[in-house]
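Student: Listed here are the chains, written in short residue letters.
Protein chains: 2
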Amino acid sequence: MAAADKRLLANAIRALAMDAVQAANSGHPGMPMGMADVATILWTEYLKHDPADPAWHDRDRFVLSAGHGSMLLYALLHLTGYERPTIEDIRGFRQLGSPCAGHPENFLLAGVEATTGPLGQGFGMAVGMAIAERHLNAVFGDELVDHRTWTIAGDGDLMEGINHEAAGLAGHLGLGRLIAFWDDNKITIDGATALSTSEDIAARYAAYGWHVVRCDGHDFADIRRAIDEALADPRPSLVACRTIIGWGAPNKQGTSATHGAALGAEEVAAARKQLVWDSAPFDIPAPILSAWRSAGGRGAEAHEAWRARLAASPRRDELVRRMEGRLPADTGLEAWLDRLAEAPQKIATRKASELALEAINAAVPETLGGSADLTGSNNTKTKTQAPLTKEDYSGRYIYFGIREFGMAAALNGMALHGGVIPYGGTFLVFSDYCRPAIRLAALQQAPAIFVMTHDSIGLGEDGPTHQPVEHLTSLRLIPNLAVHRPADAVETAECWALALARRDGPSLLALTRQNLPQLRSERSAENLCARGAYRLRAAAAPRRAVLIATGSEVEVAVAVADALEAQGIGADVVSMPCWSLFDAQDEAYRSDLLPADLLKVSIEAGTTLGWERYVGPGGLAVGLDRFGASAPAEDLFRRFGFTAEAIAPRVLAALDSRRSG
Amino acid sequence: MAAADKRLLANAIRALAMDAVQAANSGHPGMPMGMADVATILWTEYLKHDPADPAWHDRDRFVLSAGHGSMLLYALLHLTGYERPTIEDIRGFRQLGSPCAGHPENFLLAGVEATTGPLGQGFGMAVGMAIAERHLNAVFGDELVDHRTWTIAGDGDLMEGINHEAAGLAGHLGLGRLIAFWDDNKITIDGATALSTSEDIAARYAAYGWHVVRCDGHDFADIRRAIDEALADPRPSLVACRTIIGWGAPNKQGTSATHGAALGAEEVAAARKQLVWDSAPFDIPAPILSAWRSAGGRGAEAHEAWRARLAASPRRDELVRRMEGRLPADTGLEAWLDRLAEAPQKIATRKASELALEAINAAVPETLGGSADLTGSNNTKTKTQAPLTKEDYSGRYIYFGIREFGMAAALNGMALHGGVIPYGGTFLVFSDYCRPAIRLAALQQAPAIFVMTHDSIGLGEDGPTHQPVEHLTSLRLIPNLAVHRPADAVETAECWALALARRDGPSLLALTRQNLPQLRSERSAENLCARGAYRLRAAAAPRRAVLIATGSEVEVAVAVADALEAQGIGADVVSMPCWSLFDAQDEAYRSDLLPADLLKVSIEAGTTLGWERYVGPGGLAVGLDRFGASAPAEDLFRRFGFTAEAIAPRVLAALDSRRSG
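Quick note, the sequences are listed as chains A and B, same order. When we follow numbering that gives the first Met the number 0, the leftmost residue of the first sequence carries the number 0, and every step to the right adds one. When we follow numbering that gives the first Met the number 0, the leftmost residue of the second sequence carries the number 0, and every step to the right adds one.
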């Protein structure tokens, strides 16, 4: 197709973008108008996809990291023939009920590979997708897995710290199947990029081991040349596209005025004139729509050929099983739980996690683990895992480096890609470093698994910078994130079973550095952690109190109960590894466990805010409402009152004050 | 001093490091042993400081970004003659009560400029200190402010995303007074850096506009040459020091075995032999200690000369006032509050913040503001503020770029440097991006001010990626962070007054995008927000309920109260801008505001977890326990039930169930 015709196609994107933003009187027209030419070449000539089947396993992945330019993606999906968004959906851009949200949401539209908008994370997820692709390629071969990952990143994406982590990882792993377009328009919200940055981005990417190529983002031949160069190079490629933001809006283009606001009726009219675009808003002339749809049909043949190869492949069932996220019948955990019942272990839950993973990784070939340079501390690597390297992508362990946020975003990308169950480790306190990605996993329902060890002052000497205090509850606050804090080796295995089985959101395991006794030696047929909380031990003496604890403090709760029982005061011990699962139980279960009329006491080595939900106003929340300190763990537990000696008297006092109150 | 003698001095650091770690059986000997030679040259020949007065305003700042190497810093402070740590303190390394914590804590030891350990942040704070120095230099001149900022960063610091943001900012601002040593030892916790990274760090820093120089980190002459080059270059400098981790431990040096664990008695003995270090643990031979102390005395003369210049300067009182953190008598806010009482404003609280800042910035010359590329959205720039640029450091506004974490760490560094009151803006949802720095501000008691706008679903169309839901409470969980969510222009001014006055920790203002009515038109002599919560309106009809709300939902609470009063049901409205300040009030005040026997209802457009603290188990928490959606703000408030029409019936039902219950 000639350049003039391609421009007509690109202008269809521009028209939809400016019209939708104008109708909503809200949104970002500048980026779609600036990148329309590049996107047109990519989507009509290079991208391998099939609008008739957005879930085709071997499709290329396209991630709009600059998610504020969402209208670019909605226009591309509509024009190439995806079932949604319809033109009515696009008319409803940014309105309640439309799948065309302000930023692309993967759970609203097929074809949106990832929820993007928080800058830099789309780029990071693209790296994860590219890792998953190469890994599955190594496992299943070229005939079944052989696709690319494309992403569009703006200046904001490339200023965010995460792009440094993600690009460094991609360069190290030599992810040549990853091609990132940089929308080099020299404009940010505040004005010219020169206001805040002077760096040579191309040189920086070259320093990471990337291939860098430049092009004029409004010259179709030049765009093709650059993409062809990128395809030919074995390294990941950064295609720097020199563009004009808001291209086509004669008075505002090239300025930040086009970035994040409607152009205004007058400028939209002027742009129509400039683009020689006569049709009404949301009306795409039939020849142009037809050309787009025909381009959208390009992938059908390749898809059909792939289907035939898949049908003929002995690996078919396994690939489909993995891509559809179905676990093998045996995850190895039942046998491991049998062994724990036979031979109880006094070990740290991080070690228990390692041992659970030994069982899992031997039985579940799709797990792909790693750590942000804390392999020996997070206990994330098992014997069966060889490293995934540039030379051998079949490995199942990734040395992520000191890149917590990059790791978490990559885990999200792998989870979204499918075919693998990704997990990654760091210290719980550094969940703050990856918190934006943990949130995005929860929002976009990505089943990534975060392994967070050293989960309290129990880590000891490293001191308050490394001791999580507020983190457990701050993570519990994130909707759709399952936060598990198991109390022993059995609970750790049960929580791993829950994390593996979860398909509609992320899970986080908070694990100890220090050893803990195994509190459950009877083999339970039921996964008791699945209810979020359960009665670990019932009162022997007449019941006066319920002690609720999580993780390492369950051991303490048991000791407190012992002390109380010794005085004839009965106390249940409730282990509550996961608040959100407990909150989802029915009222009968919840009130049976936590009866309204009894004193309830929570014990957790973290901030008490939030525990009022379970202990109530007359209850007692034993916690730590301050930062920790540097000392051996046992000294800290004593210093901060996490011992039976310190807590039992407080429980007795609370019981007394209830009697007198 | 000859090279051999310098080695003896450096070996004193090595001995203290390995002995302290050995005694604690915990810690990181490798970094101090590897960087001892570089640190010796820096601290004995270049660093401008005076151990007799660690608070000397014009001292050089030294930030150990690789904070796990804390023994390096403790050794340097002790050897150069700081009052603390004593040798006894060092013997107590990592034990309860010793100021020699696992990672350096600025609140435990004078001479520790910043709490470090969470990787990359020390580097980011150093950038902030270097900005503060250049700004104060521009204001007060060379004779009063003329010092450098030095930092030591490890591979971990340089892999973390924040180093990208901080280095990009430093390069852009041309901070030639900043010199960063890179401990290039090719080792991380997991093993060789080659396991996880292949980047050319020197080329990357050159791409940021830094000067890069290499040296052999164990060759004293070469170290001097590199530092001299760095001093001579007008750009910020990265001094890449090729070192051997654990230098001196004959069997373990150069390996990750020396990174984070005691060397073991045998290897310590072998190292003693290798280093020809015969003295007992913690014993520094007198000639060596004397040489160190004499080097520590180097700065006294410069300090005395500075004192004389300060005494003679007409700017003396102003510099001292600012460095000591005393506000001017008039912050401009009282007059602004007068005006608000005269002419109430219906404006967004982000706009109210801008107007408060107009008053403040005209009256308080030490404020230094900025935004992470959301200047027009955060309303952080006032008319009086010119940009702080490479060409003119006297400006009081910083275009931080799309670098939220880098900005937050820089604010911390500025606050720690002193002489300025730093504030910076982004969207509240992106508090997650800077959360590790917000936490570190709270831990190290740095009075940075975080201006976080677009504080709920009220931001509308940008959708759930941009809508904070869990953020308010997740921030309230951080100990020593004051989280303010003002309800109108008056409260916004009051919260700014609190933030300005706070010296022992950070403050965060959560502000709306959308307009809010001014709820208080009477001029209050007292700052009502100082109590964290107050009765905005008392019930007219017999009181049956207390409605507690924050920020934009206070308006909703007033409407709910109106609806209830119309039915003869009295309801107080309590505005609660700051939980932690309210929690600090006495019991009488708290129970007067929230009486135990009344129904309490919280209204906040965020997750309800945590509100149980105030509403109790029979209470009603109106909130949003899910992610938001993309639509205009009013539609979202209706959709999610934040209207009087939706809430009043829920209050009535709760009152009924109490009656029947």
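Among the clues, some could well be false.
To be verified - With a straight-line Cα cutoff of 30 Å, these simulated DSSO-like cross-link-like pairs (lysine-lysine) come out:
#1 B:K185 - A:K389
#2 A:K382 - B:K389
#3 A:K350 - A:K382
Don't read these hints as lab results, they were simulated from the structure.
Student: Each hint should be assessed against the structure and marked as holding or not.
Tutor: Structure-based check of each hint:
1. B:K185 - A:K389: Holds. B:K185 to A:K389 sits at ~19 Å (cutoff 30 Å).
2. A:K382 - B:K389: Measuring from Cα to Cα gives roughly 53 Å; hence the hint is violated.
3. A:K350 - A:K382: Given pair A:K350, A:K382 holds - Cα atoms ~13 Å apart, limit 30 Å.
The structure fails hint 2 only (numbered hints given earlier).
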